[in-house]
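If you read the sequences in order, they're chains A and B.
Start counting the first sequence at 3; every next residue gets the next number (this note's numbering).
Start counting the second sequence at 3; every next residue gets the next number (this note's numbering).
Don't read these hints as lab results, they were simulated from the structure.
Just so we're clear, the structure is a prediction, and the values are computed from it rather than from any experiment.
It is possible that part of the hints are untrue.
[As the list claims (entries may be wrong)] Lysine-lysine pairs mimicking DSS-like chemistry, simulated, CA-CA at most 27 Å apart: (1) K127/B <-> K355/A; (2) K127/B <-> K127/A; (3) K25/A <-> K127/B; (4) K332/A <-> K332/B; (5) K127/B <-> K211/A; (6) K164/A <-> K127/A.
2 protein chains.
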Amino acid sequence: MPNERHITLPKGFVAAGVKCGIKTSGLEDLSILAAQRRVPAAVLTTRNQVVGAPVTWCRGLLPRGFGRMRAIVVNSGNSNVCTGPGGLRDAREMAERTARVLNAEPETVLVASTGVIGHRLPMAKIRAGIDSAAASLGVGCDAAALRGIMTTDTRRKSAVVKARIGRTEFALAGIAKGVGMIAPSLATMISLITTDLAVAPAGLHSALKAVAGRTFNAVTVDSDTSTSDTVAMFASGAAGNAPLGPGSAGFGKFAAALEDVCGSLARQIVADGEGATKLVEVTVRGARTQADAEIAARSVANSPLFKCAVNGGDPNWGRIAMALGKSAAKVDPARLTVKVGGVTLMAKGLPRKFDLKAVARHLAGKEIRVLCDLGLGEGAYTALTCDLSREYVAINADYRT
Amino acid sequence: MPNERHITLPKGFVAAGVKCGIKTSGLEDLSILAAQRRVPAAVLTTRNQVVGAPVTWCRGLLPRGFGRMRAIVVNSGNSNVCTGPGGLRDAREMAERTARVLNAEPETVLVASTGVIGHRLPMAKIRAGIDSAAASLGVGCDAAALRGIMTTDTRRKSAVVKARIGRTEFALAGIAKGVGMIAPSLATMISLITTDLAVAPAGLHSALKAVAGRTFNAVTVDSDTSTSDTVAMFASGAAGNAPLGPGSAGFGKFAAALEDVCGSLARQIVADGEGATKLVEVTVRGARTQADAEIAARSVANSPLFKCAVNGGDPNWGRIAMALGKSAAKVDPARLTVKVGGVTLMAKGLPRKFDLKAVARHLAGKEIRVLCDLGLGEGAYTALTCDLSREYVAINADYRT
């Protein structure tokens with residue numbers, strides 16, 4: 003197996019992934035990512051009000067979303083959601099056991115779980131898995147660590163950026179899993195991101211939050227929001243730079259690297275969406291406000307009719323106008339322009355004669371670009387989605403709880 | 003052909019439906035419903051910001067949604083949406099010509115259109131159709147009038163109630179079309195309702211609005227909102243009662259009859275949803291507020307994952323909990339109870355052991371009932387939807403604009 007490197011490519015991290023027997027497939031289902039000491043860390047969790055015990059644990063550790071953490075332990079195959087106080091004890095025990103093998107404090111270990119909901123974790127397997135993972139921690143196990151967080155993903159999702167701030171070389175890397183809200187009930191977007199830059203915790207969090215809003219949060223496979231979504235980032239400081247904060251000279255370069263990695267992971271998630279055959283970029287510009295741009299772009303990206311039209315390769319601008327109009331964003335039909343693949347289908351609210359063949363060729367491709375100019379202001383946002391296919395329904399209808 | 007009676011069953015109305023050549027199928031595509039004089043009328047139109055010219059015309063006539071009207075003219079096969087100022091002139095001409103043949107004022111004739119968008123109406127055909135419909139107006143043409151408003155509907159949708167207020171016998175009837183937002187781009191929910199009761203215009207509107215909120219607006223086939231949805235109601239007063247207003251003794255009976263008719267039409271629309279194999283009633287109760295109940299019920303009813311699970315007959319309560327949690331309504335997982343077909347699947351946030359066979363039997367049926375008790379207050383709402391099937395995708399992906 004090629005020894006792929008990503009999350010341990012930034013200096014100062016080790017990782018491992020082991021098979022502890024949660025997944026019936028017998029594949030890796032428990033991973034640990036650890037820094038060599040407590041390092042600045044930031045975590046973003048789902049906006050769903052129904053959350054898994056691991057999310058509750060992480061929020062308890064980092065109520066403001068940032069601090070100094072040592073590690074994260076992740077299991078797949080069971081999400082520890084809707085498991086009551088016992089589930090919360092299990093999440094705590096995962097942190098405690100991981101802390102013990104790392105010789106760290108439990109309050110420095112984040113936890114994430116993904117998989118079936120409504121079942122208690124098989125803690126005997128988890129305990130053995132944590133011990134076994136701890137024994138194999140290193141910089142050569144990134145591939146196994148990635149497999150350990152995956153559920154029904156059909157592709158491995160990772161991204162790496164190497165760059166320089168002044169004379170400091172640094173690396174920033176990430177892995178992710180998530181394909182929609184899939185089997186057995188709710189699948190989850192989990193992403194782990196590492197860098198060897200020194201970044202102050204609050205700065206790490208503010209950059210991650212801003213970038214996630216344009217990348218991970220721009221993704222909508224089916225408008226359904228998991229109960230367990232978690233993005234965790236660690237900055238080891240091993241690159242040796244003076245710690246960066248939002249005012250620092252190098253902060254922009256760091257944020258750009260972060261955006262590259264998160265943007266790449268977000269696109270990889272969409273491309274692996276359930277039943278997806280195409281990646282669709284819906285850009286709204288000219289919105290009255292930034293918030294309006296986001297609302298309008300999501301309304302198109304979530305419209306089942308629009309997504310079916312993309313699946314069928316139909317240049318159905320009417321469905322785009324409908325989806326914009328039904329949104330809470332301000333829309334004036336008389337100012338609305340819609341382009342697909344750069345070709346104007348509708349201008350100032352009226353249909354345009356267009357080169358049907360050129361649009362059909364674009365729609366037959368793998369990456370579809372839709373641009374809606376609302377003509378009302380400066381707000382702009384791009385949402386990422388995939389088409390809605392018969393396979394999506396088949397995957398989600400035929401699954402048995 | 004059996005001479006079905008519905009919208010002219012209430013005394014004081016005539017109707018007609020003719021084939022004027024808009025639809026390529028050659029079926030009826032233009033209908034007129036007329037009272038014998040100006041009578042109290044109310045109209046509700048789409049909340050979509052992109053609206054067809056006929057909606058603009060109706061709003062211009064009845065800015066507050068009620069007044070005294072003589073008739074409505076409806077065509078199918080072309081929705082007169084995204085047609086600019088010319089489209090608005092066409093809508094006005096439809097009203098003017100209908101008014102002329104009825105010897106009425108153009109400002110007393112409502113207009114509705116449904117079908118392809120982005121194309122000007124074939125006005126020569128429309129003019130001939132209006133003349134021909136006017137010539138055949140009567141009480142024996144209800145079936146043709148209903149066919150004239152239909153597009154891709156696979157079933158005819160009508161409902162009639164006969165009842166009494168004191169010694170006054172009255173009838174209340176309605177017809178509807180709409181199957182989701184279907185071919186060619188946006189299909190539309192159009193409903194025409196008649197009664198021979200005398201009801202004051204403002205009372206007619208307030209009752210229609212309240213009832214529509216619990217019936218037509220409770221329907222969500224695919225979360226997509228047409229640009230042309232229109233519900234128009236006329237009250238001829240031919241039953242001879244003293245005019246009813248919200249304070250009148252008989253107003254409750256009138257409102258109940260209206261709710262029966264609209265509720266029946268709403269269920270007929272859902273059952274004829276694109277690709278639908280099941281009708282799904284999602285009731286949320288115990289919500290903090292009425293608005294929260296509606297938001298939460300719609301979030302479940304619109305969740306693609308939930309709708310796929312229903313299609314597959316899977317008792318996937320996790321997807322229901324997820325859809326509640328992602329909504330803007332307040333949800334406390336620890337108070338959440340979910341029942342399907344009367345069987346408790348989740349209580350106070352924890353999964354319950356349940357009789358899988360009993361739930362599977364319920365899910366194998368044609369009408370599925372989901373009850374979510376949020377345990378937070380008194381708000382309650384029932385949303386109506388259908389399952390999401392491969393056929394839905396097939397219908398919407400394979401259509402060619």
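Comparing the hints with the structure gives:
| no. | hint | verdict |
| --- | --- | --- |
| 1 | K127/B <-> K355/A | holds (24 Å) |
| 2 | K127/B <-> K127/A | violated (74 Å) |
| 3 | K25/A <-> K127/B | violated (65 Å) |
| 4 | K332/A <-> K332/B | holds (26 Å) |
| 5 | K127/B <-> K211/A | violated (58 Å) |
| 6 | K164/A <-> K127/A | violated (37 Å) |
Hints 2, 3, 5, 6, counting from the list given before, are not met by this structure.
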